[in-house]
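K.L.:
Spelled out from the first residue to the last, the chains are:
Protein chains: 2
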Amino acid sequence: MTNLTIALDAMGGDNAPLSVLEGADLILATYPNVSFLIYGNEDILLPMLNKLSRLKKSSKIIHTDKVIAADEKPSSALRKGKDSSMSLAIEAVKEKRAAAVVSAGNTGALMVTAKLALRTLPDIHRPAIAGLMPTIKNKVVMLDLGANAECTAENLFQFAIMGDAFAKVILDIETPSIGLLNIGSEDVKGNDIVRLASTMLRECQYPLNFIGYIEGNDIAEGTCDVVVCDGFSGNIALKTIEGTAKFCKEVMRSAYNSSIIAKIGYLLSSCAIKKATQKLDHRNYNGAMFLGLNGIVVKSHGSADALGFANAIKIAVELAAHDINERIIKELESSQKLAAE
Amino acid sequence: MTNLTIALDAMGGDNAPLSVLEGADLILATYPNVSFLIYGNEDILLPMLNKLSRLKKSSKIIHTDKVIAADEKPSSALRKGKDSSMSLAIEAVKEKRAAAVVSAGNTGALMVTAKLALRTLPDIHRPAIAGLMPTIKNKVVMLDLGANAECTAENLFQFAIMGDAFAKVILDIETPSIGLLNIGSEDVKGNDIVRLASTMLRECQYPLNFIGYIEGNDIAEGTCDVVVCDGFSGNIALKTIEGTAKFCKEVMRSAYNSSIIAKIGYLLSSCAIKKATQKLDHRNYNGAMFLGLNGIVVKSHGSADALGFANAIKIAVELAAHDINERIIKELESSQKLAAE
Chain A
1 MTNLTIALDA
11 MGGDNAPLSV
21 LEGADLILAT
31 YPNVSFLIYG
41 NEDILLPMLN
51 KLSRLKKSSK
61 IIHTDKVIAA
71 DEKPSSALRK
81 GKDSSMSLAI
91 EAVKEKRAAA
101 VVSAGNTGAL
111 MVTAKLALRT
121 LPDIHRPAIA
131 GLMPTIKNKV
141 VMLDLGANAE
151 CTAENLFQFA
161 IMGDAFAKVI
171 LDIETPSIGL
181 LNIGSEDVKG
191 NDIVRLASTM
201 LRECQYPLNF
211 IGYIEGNDIA
221 EGTCDVVVCD
231 GFSGNIALKT
241 IEGTAKFCKE
251 VMRSAYNSSI
261 IAKIGYLLSS
271 CAIKKATQKL
281 DHRNYNGAMF
291 LGLNGIVVKS
301 HGSADALGFA
311 NAIKIAVELA
321 AHDINERIIK
331 ELESSQKLAA
341 E
Chain B
1001 MTNLTIALDA
1011 MGGDNAPLSV
1021 LEGADLILAT
1031 YPNVSFLIYG
1041 NEDILLPMLN
1051 KLSRLKKSSK
1061 IIHTDKVIAA
1071 DEKPSSALRK
1081 GKDSSMSLAI
1091 EAVKEKRAAA
1101 VVSAGNTGAL
1111 MVTAKLALRT
1121 LPDIHRPAIA
1131 GLMPTIKNKV
1141 VMLDLGANAE
1151 CTAENLFQFA
1161 IMGDAFAKVI
1171 LDIETPSIGL
1181 LNIGSEDVKG
1191 NDIVRLASTM
1201 LRECQYPLNF
1211 IGYIEGNDIA
1221 EGTCDVVVCD
1231 GFSGNIALKT
1241 IEGTAKFCKE
1251 VMRSAYNSSI
1261 IAKIGYLLSS
1271 CAIKKATQKL
1281 DHRNYNGAMF
1291 LGLNGIVVKS
1301 HGSADALGFA
1311 NAIKIAVELA
1321 AHDINERIIK
1331 ELESSQKLAA
1341 E
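Chains as they are written, first to last, in my numbering: chain A, 1 to 341; chain B, 1001 to 1341.
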């Protein structure tokens, strides 16, 4: 892999800046050619960085004492956030000093600031948030996870193109299967927007592996590699998965705590359970990309620890190394050219 | 409880008619004052009924050899289904010979046929499918689960009124808390429809216990007693819950099967696990009501066994005994009267 520079918003997130610095240090073990531009308060960052010698050699701190608060409204972040750690890190991508930016800060502020600074890719109407999720089979890419509460059929079509390119890079699948989230598998189901998007995807001459409608249960069953949906149902599905998984965990916990015999049973099987649930560790799924912007912007969960943040950096590095945006532009151009012929 | 007659579509569902007859027989243990009008093929039903002496005494078979197939399109069901077991059972409710109808048949056909025969309640614009779900706390009522892929704010407002009445009867809660499903808790989140519905619910003078927006994770966390949503996101959330629960089960199964020690651990804790997961048994949640029609129509899951179907009958009996539709009409009238004042 060639040398890559990643810009980090060191001040965003519940565990920042330590989780950010430790995450960056961790990732250098896998990607020694990566270097970092770290945006944040030097007085806080330097003592931490001095303890991470590997990272210190591969990074540079750019001082700012302005931080976007987690509860700041996107509009206010835009107004007063020009010199914030988040804004400066995005600016580094805009000015090509960094190949990607990673932030665990305020999602709304990050989206609005990045959209304004970087603009959307040519012909892309709306950016979407794409994330990874575990399934019974392999990981699945899902988008949009909440950037667009309302979508047109054209938006959904473009999400499919972007999700296809994302899955090729991150899941390393040659022809990812793409499903359109709906409330039934028959042609007549759903609303006009979903039906029109389905027609567009079916008739698209660019070789997308579109498998048609999928339903909510298909997400966790791993029926396809890419789930395409509007940001309203996508966000609801994402959070419903989180809530249900928490519920299942709680049911098991209460079962194990209900008797001494059950507790002993748990102790015996705990090693196997931990191993099986390890692949569900949310830290391995951390890092959602704002797809469709003229630059790579990866959002880490606000509560990410070092391992989680390292995974978000990994996503950014892989997307940058494989020129995700070039791929999206080419796929979209091909689909348009073929449609025009 | 006074005497009640329930109409049964004996021929709908994967395990019909045996599951229907056995389910009806089961429920008589709890509700001895209930009697049944059983619609279906007498040649098949009679030999089965002869083995269920309790049910035989409290029921009457009305013969028809017409059945709506599980994969029949609603439009074709309407055209040729006039004398089908489903249609005749609905007709019994229309003509007040039965207090409610229960069917495990084709959902689309049941909705279309029931809507045409029974019409909606006064001032109710659209019927909704309401169902029960387990949560970390108590059961939750959720609607719409898929009848309306698109909804207006007024629709959502009426779903809240109907869900409130439903929860009062079925969950026996005096002032059920009502949440509106959205993609964030802040006022600005979501789309215009959800925001307007929220304003209508907040400003409603009828004493609804509206708690504001909830998110996908709140469903399983039991944050409120009634989840109000459009049929698109509701159906996706419902099926996402099913898929995620299946996924969690699969992860545990593979863990227990991964080593002999883990298997022994499972055997020791299996009794506690079974007890804890029993309250999640989908059969205890079977029976979704088509709320807002001029008659009580309960849809059983197509794959329900006798116990599942019995639960759907139980829902129908309780709703009929507590005059659910009278309650809905009164609640809606009160909210309108108060709004006009």
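By construction, these hints were calculated from the structure, which means they are not laboratory data.
Every residue gets a Cβ at the ideal spot worked out from N, C-alpha and C, and that includes glycine.
The reader is advised that the hints may include incorrect statements.
[Claimed, not checked] Covered stretches of chain A, as calculated for chain B (at least 3 residues, CB under 8 Å): (1) 34-44; (2) 83-95.
[Unchecked claim] Below, simulated SDA-like cross-link-like pairs (lysine to any residue); rule was C-alpha separation at most 25 Å, straight line: (3) A:275 <-> A:321; (4) B:1082 <-> B:1043; (5) B:1249 <-> A:97; (6) B:1246 <-> A:221; (7) B:1246 <-> A:52.
K.L.:
Could you run down the list of hints and mark each one as holding or not?
P.N.:
How the hints compare with the structure:
no.: 1; hint: 34-44; result: violated (count 0)
no.: 2; hint: 83-95; result: violated (count 0)
no.: 3; hint: A:275 <-> A:321; result: violated, 31 Å
no.: 4; hint: B:1082 <-> B:1043; result: holds, 20 Å
no.: 5; hint: B:1249 <-> A:97; result: violated, 47 Å
no.: 6; hint: B:1246 <-> A:221; result: holds, 8 Å
no.: 7; hint: B:1246 <-> A:52; result: violated, 43 Å
The earlier numbered hints that this structure contradicts are 1, 2, 3, 5 and 7.
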